[in-house]
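2 protein chains.
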Amino acid sequence: MVFFSSLTPVFIAIICVLIGVILKKNNGERGKHEIKSKPPSRPWVDEDLKDGSDHQVEEEEWQGFDENIAHVPFTAERYSEAEMIKRSQEFYKLLNKRRSVRFLSDEPVPREVIDNVIRTAGTSPSGAHTEPWTFVVVQDPEIKHKIREIVEEEEEINYKKRMGDRWVNDLKRLRTNWIKEYLDTAPYLILIFKQVYGRLPNGKRKTHYYNEISVSIACGILLAALQVLFLLKYSILITMRHVSAGYAQGHV
Amino acid sequence: MVFFSSLTPVFIAIICVLIGVILKKNNGERGKHEIKSKPPSRPWVDEDLKDGSDHQVEEEEWQGFDENIAHVPFTAERYSEAEMIKRSQEFYKLLNKRRSVRFLSDEPVPREVIDNVIRTAGTSPSGAHTEPWTFVVVQDPEIKHKIREIVEEEEEINYKKRMGDRWVNDLKRLRTNWIKEYLDTAPYLILIFKQVYGRLPNGKRKTHYYNEISVSIACGILLAALQVLFLLKYSILITMRHVSAGYAQGHV
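Those protein sequence lines, which keep their order, are chains A and B. Sequence positions in the first sequence follow full-length UniProt numbering and run 1 to 252. Sequence positions in the second sequence follow full-length UniProt numbering and run 1 to 252.
Simulated from the structure, these hints should not be mistaken for lab results. Warning: the hint list may mix true and false statements.
Heads up, the list lumps identical chains together, so a pair's fine if it works in one copy or across two of them.
Stated by the list, open to error - 27 Å max Cα-Cα, derived DSS-like pairs, lysine-lysine: (1) Lys-97 / Lys-86; (2) Lys-204 / Lys-161; (3) Lys-146 / Lys-180; (4) Lys-206 / Lys-97; (5) Lys-160 / Lys-180; (6) Lys-180 / Lys-161; (7) Lys-144 / Lys-161; (8) Lys-161 / Lys-206; (9) Lys-172 / Lys-206; (10) Lys-97 / Lys-180; (11) Lys-180 / Lys-144; (12) Lys-146 / Lys-160; (13) Lys-160 / Lys-172; (14) Lys-172 / Lys-161; (15) Lys-160 / Lys-204; (16) Lys-206 / Lys-160; (17) Lys-144 / Lys-160; (18) Lys-172 / Lys-97; (19) Lys-146 / Lys-161; (20) Lys-204 / Lys-172.
Since we're looking at a predicted model, the values are computed, not measured.
Pulled out of the complex, with its shape left as it was, chain A reads as follows (with noise of 0.2 Å):
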């Protein structure tokens, strides 16, 4: 295990918190949501339409606000094909380098290089264009202990109870466990927040649709920023590829 960390480059722990805690409505009370008259019965669409925006609809009202929406200048032009096919090469080789390593390296990073990762995940699309993210990069070694601390317990909680025997069987050839040594080790833990919702400017409630799938997306394209920061070689060393994604997604 020791003899992981040394190899471990990755300097950050991505955790995914699923739920709007930063806002205060409660995920799991959820409203009915009004529909004239019952449609065409097709599970797979009303299930994509469900996205924890289907709560209780209070006051909300857009109309009159982003009427006058921003326009901002467009890129149009690409590379030549040759360009092209070379380009998608060396994306693919360097992405494919990435891995869900678990003993991070204390190394220090500039925060700049963090800041800009994060404006990178900030231009995902998302439903409707809402933007239903939050992230929180924490520095403080107090602050991250405290983290990792609510994280082990809740995570004990799901490998002991929650998630099951099939699970956590399923997880057994991955390795991993509830303890995260690395949310010590790591420079910097970017937190990320869906937003199930936020508020106007007028205070009233802006529904946030298709939100933890664009959440989501934008960590795809986190992901993808931080291994940009990586160069594009090998070293002899070996480690588990892809070990369980939880942590650039879920649990916490």
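Knowing the structure of chain A, use the given hints to seat chain B on it.
This is chain B only, laid out in the frame that chain A set:
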């Protein structure tokens, strides 16, 4: 409208069909996940653990498979601090030029590029490394047109019935609707399926934990890989930014 059609360089319409139609099991018929004893109620975690994977448990057995999980080389080296800052800035600038356009160019793109982009998406992390995605590339004009018809039919019902007045109003300012000409125009469509579960070599069922989140993260990486094909240069032309990202995510 025609005004925009000349500017649009993006050549791929991404459609996330948010069910495992490639598999026969319907996401709707969910069973109960057995939990041995009631853990402390933490609704956000319970919510998090749900993801279409808590369906009725069939016979299922991972043990014995993948015991000798592939160990692959691990890249460790990152750039110097100055170089990391520069690279993170440039990647941000490049990704920040991505737009969710609705009018696409029909210019051809080498198929090899598309394959590389999908390979890149496939490097995404996933819950318990289940890789619960299927990418289908469609190039045949007739099939593209059939897909357009199906999508438009569903989207019309979405707009008129399923989504409700509030949602439709929220989309108004983005001027989207259910007409999707670009599904005919684009040289390729990449259909993205989430697999709610898979099959082991022995035919038994393999649960795909966090499948929707995993596929969405892969979509984020796919979008990044596509954007890498574009030059870091502005055109003078103007379009709406991030018009609803539904097509990178949801509706079919």
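Here's how the hints hold up against the structure:
1. Lys-97 / Lys-86: both (17 Å within a copy, 20 Å between copies)
2. Lys-204 / Lys-161: between (39 Å within a copy, 24 Å between copies)
3. Lys-146 / Lys-180: within (12 Å within a copy, 49 Å between copies)
4. Lys-206 / Lys-97: between (39 Å within a copy, 26 Å between copies)
5. Lys-160 / Lys-180: within (16 Å within a copy, 48 Å between copies)
6. Lys-180 / Lys-161: within (18 Å within a copy, 46 Å between copies)
7. Lys-144 / Lys-161: Within one copy, since 25 Å is at most 27 Å while 47 Å is not.
8. Lys-161 / Lys-206: Classified as between: cross-chain Cα gap 20 Å, same-chain 36 Å, threshold 27 Å.
9. Lys-172 / Lys-206: Classified as between; 14 Å across copies, 42 Å inside a copy.
10. Lys-97 / Lys-180: within (22 Å within a copy, 37 Å between copies)
11. Lys-180 / Lys-144: within (11 Å within a copy, 47 Å between copies)
12. Lys-146 / Lys-160: within (21 Å within a copy, 48 Å between copies)
13. Lys-160 / Lys-172: Within. Shortest intra-copy distance 13 Å satisfies the 27 Å Cα cut-off; inter-copy 47 Å does not.
14. Lys-172 / Lys-161: Intra 15 Å, inter 45 Å, cutoff 27 Å: intra-copy only.
15. Lys-160 / Lys-204: between (41 Å within a copy, 24 Å between copies)
16. Lys-206 / Lys-160: between (38 Å within a copy, 20 Å between copies)
17. Lys-144 / Lys-160: within (24 Å within a copy, 48 Å between copies)
18. Lys-172 / Lys-97: Answer is within: at 23 Å inside a copy they meet the 27 Å cutoff, but 42 Å across does not.
19. Lys-146 / Lys-161: Result: close within a single copy only, 22 Å intra versus 47 Å inter.
20. Lys-204 / Lys-172: between (47 Å within a copy, 18 Å between copies)
The structure shown violates none of the earlier numbered hints.
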